Every structure is written in C-alpha cells, then in structure tokens.
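K.L.:
Work the whole structure out from these sequences, hints included.
In order, the protein sequences belong to chains A and B. What the first sequence shows, in the working numbering, is residues 11 to 252, in sequence order. What the second sequence shows, in the working numbering, is residues 133 to 937, in sequence order.
Wrong hints could be hidden among the right ones.
[Unchecked claim] The calculated lysine-lysine pairs, modelled on BS3-like cross-linking and capped at a C-alpha distance of 27 Å, are: (1) B:Lys321 - A:Lys190; (2) B:Lys676 - A:Lys157; (3) A:Lys184 - B:Lys522; (4) B:Lys797 - B:Lys786; (5) B:Lys285 - A:Lys192; (6) B:Lys855 - A:Lys69; (7) B:Lys285 - A:Lys43; (8) B:Lys402 - B:Lys254; (9) A:Lys213 - B:Lys170; (10) B:Lys254 - A:Lys43; (11) B:Lys254 - B:Lys433; (12) A:Lys184 - B:Lys904; (13) A:Lys191 - B:Lys162; (14) B:Lys446 - A:Lys213; (15) B:Lys522 - A:Lys190; (16) B:Lys607 - B:Lys555; (17) B:Lys468 - B:Lys573; (18) A:Lys191 - B:Lys607; (19) B:Lys166 - A:Lys190; (20) B:Lys170 - B:Lys522; (21) A:Lys157 - B:Lys162; (22) B:Lys285 - B:Lys676; (23) B:Lys162 - A:Lys213.
No lab work stands behind these hints, which were simulated from the structure alone. It should be emphasised that the depicted structure is a prediction, and the values quoted were computed from it without experimental measurement.
Residue-level listing of the chains:
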Amino acid sequence: MSGKSFFVDLTKCTACRGCQVACKQWKKLPGEKTVNTGSHQNPPDLSDITLRVVRFSEKEMEGKMHWFFLPDQCRHCVDAPCKSGASLPDSIIVDPDTGAVVYNEKTAKEDAATIRSSCPYDIPRVNKKTKVISKCDMCNDRVKAGKLPACVQSCPTGTMNFGDRDAMLSLAKKGLEAAKKKYPNAQLVDEESVRVIFLTQDKPALYAKTLMADASSTLGPRGYTRQELFAGLMKPVRNILG
Amino acid sequence: MTNHWIDLKNSDCILIMGSNAAENHPISFKWVTKAQEKGAVVIHVDPRFTRTSAKSDIYAPLRSGSDIAFLGGMINYILENDLIFKEYVVNYTNASFIVGDKYDFKDGMFSGFNAETGKYDKSAWAFALDAGGVPQRDNTLANPRCVYQLMKKHYSRYTLKAAVDMCGTPEAKLLEVYKAVAATGKPDKAATSMYAMGWTQHTVGVQNIRAMSLIQLLLGNMGVAGGGINALRGESNVQGSTDQALLFHIIPGYMPTPSTGQPTLDDYLKLVKPVSKDPKSMNWKKNYGKYAVSLLKSFYKNAEPAQAYDWMPKLEVGQNASWLVLFDKMLQGQFKGFFAWGMNPAVSGANSNKTREAMTKLDWMVNVNIYDNETGSFWQGPGMNPKKIKTEVFMLPCAVSTEKEGSISNSGRWMQWRYQGPKPLGESRPDGEIIYELAQKVRELYKKEGGAFPEPVLNLNWEDMGNGHEFDVHKTAKLINGYYLKDVSVKQPDGSMKVFKAGTQVAAFPALMDDGSTCSGNWIYCGSYVGPDPKDNRAAKRSKEQTPAQAAIGLFPNWSWSWPVNRRIIYNRASVDQAGNPYAPQKPVLAWNAAGKKWDIDVVDGGGNPGTVHPFIMQVHGMGALFGPGLNDGPFPEYYEPLDCPVSSHPFSKVLHNPTALTFKGEKRAVCDPRFPFVCTTYRVTEHWQTGLQTRWQPWLLEAEPQMFCEMSEELAALRGIKNGEKVWLENERGKLWAKAIVTKRFKPFVVQGNIVHEVGIPWHFGWRFPKDGGDAANLLTPSVGDPNTGIPETKAFMVNVRKA
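P.N.:
Pasting the structure below:
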C-alpha cells in the first residue's frame with residue numbers, strides 16, 4: 011500500500027497545542043468564542059472551524075495520576091467509511107498519491123448527520139448555515155508541495171511524524187517496541203485501517219472513547235459498531251438509500 | 133543556564149523543580165524526551181500535577197515555599213550516606229576550606245546579624261587564611277571548622293521527617309527522588325536541574341537555587357555534559373536583558389553598579405578587583421578593571437576614564453532600587469514621570485492594587501508597547517476615577533520583535549542574530565529608534581537650555597549607535613563587542629609584535645585594556661562581532677559544522693555565538709580530572725590534546741595544562757562555593773517559611789521567616805490567619821505569554837485559554853461547595869479576584885505538620901483590559917515582599933480565601 015501516513019507517538023505528546031494552533035494558522039480558521047468550563051481542553055470539541063483539538067483526560071489508577079493527551083484529527087482511513095456513507099461518488103475524494111481523504115464543495119450536498127455518524131472516530135463537523143462539512147485534509151496542498159502538514163511541522167517533541175506509509179508503519183513498530191519497555195499496555199491503534207497511526211501508552215479508551223474504533227462501541231448509525239463501519243457495511247445502506 | 137538547551141539530552145537524571153517546562157518551555161521537551169529515550173530519569177517536583185508531571189518518571193508533590201526543606205533534606209541524605217563524588221568535592225569545591233572563627237550558626241541565625249538594620253555583617257563569614265593569604269584547607273575533610281563538616285552539621289537537622297512535615301511530600305516519594313538524583317554522584321553520571329520562577333519568586337529565591345547548586349557540586353555535576361544549574365528564562369531575551377544590566381544593581385557584564393561609597397574610579401576598581409594569593413586560582417574578576425574602563429570608554433570615548441566614571445550615575449550606599457522599592461517610592465510621590473517600556477506593571481508587578489495606585493501619583497507616564505494595556509489605561513481600570521487622576525499618559529507604539537533586526541540571547545547564553553521580517557505597522561517603530569531619537573531631543577534641549585550637570589548627557593557616545601539621525605543596530609552591536617581607540621602593539625606568543633590599528637574590532641575580552649585604549653559596551657560579549665562587516669557578526673553564524681566529539685554531546689560551536697568566548701558549558705574545567713582525563717569518557721566536554729598542547733571539544737575555562745588551574749575561575753579562590761559568603765541571607769541556604777504562610781513554626785529553628793527579607797512598613801501578612809486559610813501560587817500556561825499582552829489578543833491562543841482559572845483539589849471544592857467550571861472568588865488583604873474553578877485530581881491537599889493544608893493555583897496572564905470576560909491580574913493577590921538579594925517578589929507562595937461566587 012502506498013501513499014502517506016502519520017505516526018503519532020502519544021507517549022511523547024506534552025499537549026503544548028502547537029499543532030492545534032498551527033492547523034488554524036495554515037487553514038486561516040478563526041478562533042472560537044470559548045469560556046473556561048473547568049477543563050484545559052478548549053475549544054471543547056472539534057467544530058467546522060476547529061479541525062484538530064487536543065483532548066485532555068485525567069485518570070487516577072492504583073493511586074497514580076495520569077494525564078492523557080490526544081491531538082484528535084481525521085484518521086484518513088485506508089478504506090474511508092465516510093466515503094462509503096456518501097451519496098455522491100465525488101463528494102468525498104481520496105487523493106491517489108497521498109491517500110488523503112478530502113472533502114470538497116460537493117460534500118455540502120451530503121447529509122451531514124450520515125457522514126458524521128459513518129465516521130468510526132466521530133470527526134466530521136458541519137457548518138449549520140452553509141452545510142459545508144469540514145475535517146482535516148492532511149494539508150494535502152502542503153504535502154503535494156513537498157512540505158510537512160502544519161501540525162507535524164510545529165511539533166517540538168517528535169510526537170507527530172509524517173511520511174511514506176511504509177516508513178511510518180516501520181517507525182510505528184519501532185516506537186511500540188520502545189514504548190513497551192516502559193508501558194506494558196502500549197499499543198498501536200487501528201494501524202492497518204488508518205493513515206493516522208496513534209501509539210498509546212495505555213488502553214486507548216483512557217484517552218478518549220473515540221480514539222479507537224473498538225468493537226464494543228455503537229456510535230454508528232443503525233447500531234453498527236464502529237468496527238463494523240470499517241467492514242463496509244454502510245455500502246448496502248447507501249445503495250438502498252441511493 | 134550553565135549549560136544549554138541541547139545539552140539536556142546528555143543527562144542521566146533531569147530534576148524539574150520550580151518549573152513547568154513542558155508547558156512553559158515546550159521546546160525544552162524535545163531534549164528532555166531525547167534524554168528519556170536514552171534511559172534518563174525525569175523527575176517533576178511541583179505542588180500540582182502538570183503536563184510536565186504527566187511526562188515524568190517520578191512526580192513528587194510539595195507545598196509551595198517549602199523547597200529548602202526538600203533540597204536541604206537531599207543534601208543531608210547525600211552527606212549522611214556518603215554519596216558525594218569525593219575527588220571532585222575535594223579538588224574542585226571549597227569543602228576543604230577552613231571557615232574563620234567569627235562564623236557561627238544558632239537556631240536559624242548566622243553570626244553577624246545586626247537587629248537594628250536587619251542585615252548581616254558578611255565579614256563574619258570569611259575563610260581562615262594562611263600566612264600567604266590563601267584559605268587554609270584540610271583535604272581530609274575532617275577538621276570540624278572545614279566547610280564540609282560545617283555543612284554536614286548544618287543539614288543534619290534536615291531529616292526526612294522534617295522535610296516530609298513541611299513539604300507534605302510522601303516519604304516514599306521523597307526518598308525516590310533523593311535516590312535518583314544522588315545516583316549521579318558517580319564520576320560518569322550527571323543530573324541536571326531545570327528551574328524557573330517557581331524557585332526564584334520567594335523570599336528565599338536565591339537560596340533555593342543555592343541549595344540545588346550545593347547538591348550539584350557535591351555530586352560533581354557542575355561543568356559536565358548533562359549537568360549544571362539551568363535557569364529557563366521566561367522571556368526569549370531575558371538572558372540578554374540581564375547581560376546588558378536591565379537591573380539596578382549591576383552595570384553591563386555583571387559588574388556592580390557604582391555607589392557614592394566609591395566616589396572615584398580608583399575606589400571602584402578596588403571594589404571590583406578581588407585579590408587571590410593562590411597561584412592556581414585564575415581569579416578572573418581581577419580583570420574587571422579592564423572591563424570597567426572599556427565600558428566607560430564605550431559610554432564616553434573622548435573622556436579620560438576617571439572623568440567618565442565621575443559622570444556615571446551612582447547609587448547611594450546601601451540603596452535598593454529594585455522593582456518593589458520603585459513602586460513603593462512612586463506611591464509616596466517620589467517620581468514625576470515613568471517610562472513603562474515593553475512592560476505591563478499593572479498586571480506583572482506584585483500587589484497590583486498598590487502598583488496601580490502608585491501610578492496615580494505620577495505627573496506623566498510614557499507607555500511604550502505594541503498595544504495599549506492595563507498600565508497605559510490604568511486610569512480607567514477597575515476602581516479608578518479618571519476625574520481624580522492627574523497622570524498624563526503618552527502611548528508610543530513600538531515594533532514587534534519580528535519586525536526589527538537585532539540579537540536575542542537565549543537561556544543557553546547563545547547570542548542569536550535575527551533579521552527583520554515584516555515592516556513595522558503604521559507609525560510603530562523599533563525601540564532602538566525611539567530611544568535614539570529621544571536621546572537626540574534631550575541633548576538638543578540640554579544644548580539649548582543648559583540645565584544641571586549637562587556633561588554626562590552631552591558627552592555620551594551616540595555616534596557609535598547611529599548616524600546622528602537614525603539608530604544603527606550593527607554599529608551598536610560592534611560597540612558592544614568593542615574596538616581599539618588607539619593603535620596598540622601586542623606581543624604575540626612567538627615574540628613578534630602585532631599592531632592593532634585604532635578602529636579595529638577587539639577579538640576577545642582578554643585583549644581589553646584598562647588604560648583607555650580599548651572600548652567595549654559589555655565585556656562578556658567581546659568576541660561576538662570581530663570585524664567591520666556583517667559577516668564578522670558571529671551571532672549570525674548558522675553552520676552545523678562540528679567535530680565528531682562535539683556531535684556526541686550536541687555541541688554546535690559554529691551555530692550562533694555563546695558568551696563567554698563561545699564556551700557552551702561553563703565551568704567545563706571541572707569535567708576533567710587533574711590529569712585532564714574526562715570523568716565521563718562517553719560524553720567528554722573537554723579533551724587534553726597532549727601533542728598540540730591544547731584543549732579540544734569545548735572552549736576550556738581558564739586554559740593552561742591539566743591540573744594547573746582551579747576550575748571555577750569566576751570565584752576568587754577558584755573553587756565551587758559550597759560555602760558562599762557573598763549573599764545577604766547567609767552562606768548556607770536555611771529554611772524559612774514564606775512571609776504569608778499556613779504554619780506558625782517549623783522544625784529547623786525558631787526563626788519563622790527570612791530575617792533579611794525585603795518588606796515594607798504597614799503591609800499586612802497572613803500567618804496562620806483563619807480568614808485566609810489556603811496557600812495560593814501563580815503560574816503560566818503554554819498558550820499565554822507574560823502579562824498576556826500579545827496573546828490575549830490572539831484568537832487561536834485565547835480560545836484555548838480564554839479566562840482566569842483557579843485550580844483546586846476535589847477535597848477543597850467539596851469543602852467550599854464548589855463545582856467544576858463554576859465562578860469563584862479568591863481574596864486576601866490585598867485584593868479580590870474572580871476565576872473559573874478547575875476542580876481536579878491533579879491538585880491534592882498536603883499534610884503539613886499533621887494538618888491538612890489546601891493549595892490552589894492561578895495563572896497570571898489575564899488583565900481587565902481584554903477580553904472583557906477574561907478576568908483580572910493574579911498579582912492583585914500577591915504580596916510586595918521580596919528576596920533580600922534580588923528583591924524579586926514572593927509571588928509563588930501566599931495565602932488566600934476561596935469561595936463560591
């Protein structure tokens with residue numbers, strides 16, 4: 011399999027939010043009017059103008075404090091369920107060179123709720139007025155110009171990595187090996203299905219319930235589990251609806 | 133920093149204490165992470181579990197203000213278990229020095245205290261000298277009056293129990309930290325220390341850092357790769373600002389400010405040039421005369437040095453002109469005017485209500501900044517009646533750092549040249565231009581109208597900083613480096629003579645002279661700009677060229693330029709033994725090249741053959757100062773509570789507070805005051821910078837941290853009926869402030885002397901000016917009390933009440 015991928019080593023993420031800001035800067039997206047809700051996670055969630063958000067999760071386990079950080083973004087699935095969930099063939103495009111899953115002006119014609127619920131990671135967000143659906147596009151413009159995605163460029167600790175998929179998969183395996191020494195529960199998340207491969211230091215659910223497309227969660231439409239969404243089960247639904 | 137950012141990766145143990153490096157120095161974690169990958173232990177000691185703690189191998193909580201109990205306990209642990217690097221301690225520190233008879237320590241007080249003045253007579257702490265004037269030594273460290281034995285006795289009171297009692301750190305955690313740090317007492321291991329305002333902003337701020345310095349000297353961790361005492365500067369050019377003496381007590385290059393106690397240049401030179409009779413002590417400060425005279429010549433290049441010295445402004449003997457004192461005097465109406473230049477004291481100064489009130493006593497204020505702020509608009513701030521305020525405020529818009537050319541000096545002492553990016557917006561101008569034009573106008577007025585004592589103003593050397601109309605940053609950088617004012621012949625090592633023509637840039641500070649034939653605006657920067665062209669500006673160097681040995685320790689000698697003389701790790705002489713062999717052969721900082729009779733890798737401290745020079749060349753006696761007779765509050769760090777505190781006693785002595793702390797009459801303090809039962813500390817967040825002037829107006833940063841918050845434990849929230857995200861009031865005798873509650877497991881109550889002590893924390897980046905729903909300054913609550921050496925305010929530990937709004 012060719013194309014590009016990210017390797018995101020969460021054992022190294024300090025939640026500095028450089029990536030969150032760099033994303034907005036490159037995409038020229040406005041800031042949101044927020045308030046402090048008793049958390050440092052802000053904006054509190056993804057939105058049509060916040061395409062990546064660093065999620066903060068505090069867990070106390072066996073008397074030891076942990077603070078898990080997840081820079082959340084579109085995973086650019088290898089076989090994207092959102093594309094399967096779309097009604098138009100070209101409203102969601104997969105770039106043949108990079109593998110980036112890219113939304114465009116036609117995506118506005120899709121039913122936003124269907125697109126969002128077809129995502130195993132609950133990523134797409136709609137602008138209620140324009141109906142335009144937004145998410146990360148892998149900085150496809152930068153990547154095609156030979157640059158790193160803005161988020162990767164800004165990362166100080168080596169958490170965010172980007173490159174050819176084979177290289178990222180091998181980096182991910184090396185990263186996992188190293189992490190296991192310190193964190194026995196470390197794992198790679200859905201590495202075969204996605205182009206944004208997260209390495210966690212503990213169970214993915216500790217970071218956020220949407221970090222992994224796990225079999226037990228039923229966020230998908232009509233009771234499909236998020237894992238089943240990957241199995242292309244949306245396709246017949248789309249055919250029936252279509 | 134004694135070392136530099138990249139060098140963090142060479143460490144075996146990184147103690148982050150008094151700092152939240154992952155959040156406030158995010159790039160530092162590039163190197164911390166690299167060290168960790170190689171097996172280093174990362175430790176975070178902090179009242180609150182932060183993003184730094186989340187990445188650390190060991191997190192140990194401690195109550196704000198109790199650091200010396202923690203560190204004193206570590207010193208005791210190291211000494212009691214004999215974990216010191218003995219060869220290093222004997223040869224490179226003053227452990228073996230015999231202290232004079234007048235020194236004593238009893239129940240929290242050192243000898244020499246004058247109760248009337250509240251000051252120590254430091255001569256009581258002098259070393260005992262032999263007939264030749266060299267400190268007497270006992271290299272067996274057995275003499276009961278040697279520094280080692282006095283130190284051992286001093287810290288014997290710092291038991292585990294006492295530390296646990298005051299810090300509230302669980303004993304097992306304390307021991308875990310002590311063991312991890314002390315394990316680097318082996319010759320080839322190093323621990324490093326990363327600290328910031330969490331150590332400095334206390335009435336024992338300097339002694340907090342001294343305590344860690346003692347540990348690093350005992351373990352042989354100074355001067356080595358991955359070691360040192362590393363101050364993480366809170367602003368990109370704070371290192372540069374202190375180097376250039378943006379402080380009252382020093383002039384450029386860390387020389388003392390002249391006072392009326394030294395009416396003539398000769399008096400001043402006697403003060404600044406210490407004498408050592410030890411032939412192995414470089415006693416580098418003996419050269420201060422050359423640097424002082426060269427500095428005077430940079431100010432007044434056409435005047436005789438003695439005349440130039442007369443024109444220098446002088447402090448009154450004993451005068452303290454630090455921040456808190458200035459605002460106290462301002463409140464008393466002792467200033468007519470005030471330049472708030474690139475600062476926002478209405479938010480950044482301790483005790484904001486006092487600071488803001490003081491500004492009402494001014495006739496005028498000039499606010500030089502990129503935006504209007506709480507300082508320029510103080511007259512329309514909360515509680516102010518503009519009709520009753522006479523102060524006239526002038527706003528001068530200045531350029532942002534990226535809009536101008538010049539240098540910044542980072543924490544690692546790298547002087548880095550930066551080029552102009554975008555042009556300044558509108559009529560905003562670089563600070564240098566504003567200062568330059570202001571000076572020209574003042575001179576014109578003096579020329580026209582005369583005035584009192586015009587010579588110092590009219591004779592100042594402005595031509596080397598501009599063309600008479602415009603400021604020139606390259607000319608200024610060349611003046612800071614220095615140049616020959618006369619033709620000078622210098623004997624070369626081969627015996628020949630070399631002539632340096634007048635106007636030639638000086639190559640390095642050893643060439644500076646005290647006869648007026650050289651000038652240098654700052655001796656430590658001499659060597660930074662060594663020729664007439666911009667290509668001679670070493671701060672602009674961007675080459676990654678290095679030797680394999682340099683690559684092994686991440687040393688890039690051709691990338692920017694570091695003071696002094698491009699030395700990247702200072703005191704590096706202590707990284708090798710008396711024969712010149714590196715203690716850590718796997719990561720040497722120096723290597724003696726016997727064939728070439730020179731030192732390789734880093735620029736050596738001191739020079740000469742191995743074993744011929746004591747390594748700590750800036751100390752009179754050349755030794756690391758375990759016993760430091762120079763500070764105002766004692767030669768050894770001693771435990772005192774913050775001036776606002778939740779206890780009435782501590783186990784170390786009967787003296788509750790630092791007896792020499794900077795205080796002001798009439799200001800109330802909370803000691804075990806039931807009205808203000810909670811410890812409060814202040815800190816920063818990644819997303820905002822300083823007073824938030826630049827970042828609160830930046831929507832991507834503001835959305836991430838939009839409002840003043842108060843972090844507290846679940847236990848305290850339950851006690852006060854506060855829910856997460858609710859608005860709360862914080863208050864004490866000085867002020868009142870609202871914040872959004874962040875109720876978190878990351879803050880835990882402390883057990884101090886058997887009692888539960890709660891602590892809360894607030895960031896200091898917010899101010900009433902913008903955003904309107906953002907909250908006001910944390911400093912409304914902080915006390916105007918300060919460290920006796922620096923005057924830095926105690927804004928990291930004070931008492932408050934917290935209640936639901």
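K.L.:
Are there hints from earlier that the structure breaks, and if so, what are their numbers?
P.N.:
3, 5, 7, 10, 11, 12, 14, 15, 18, 20 and 22
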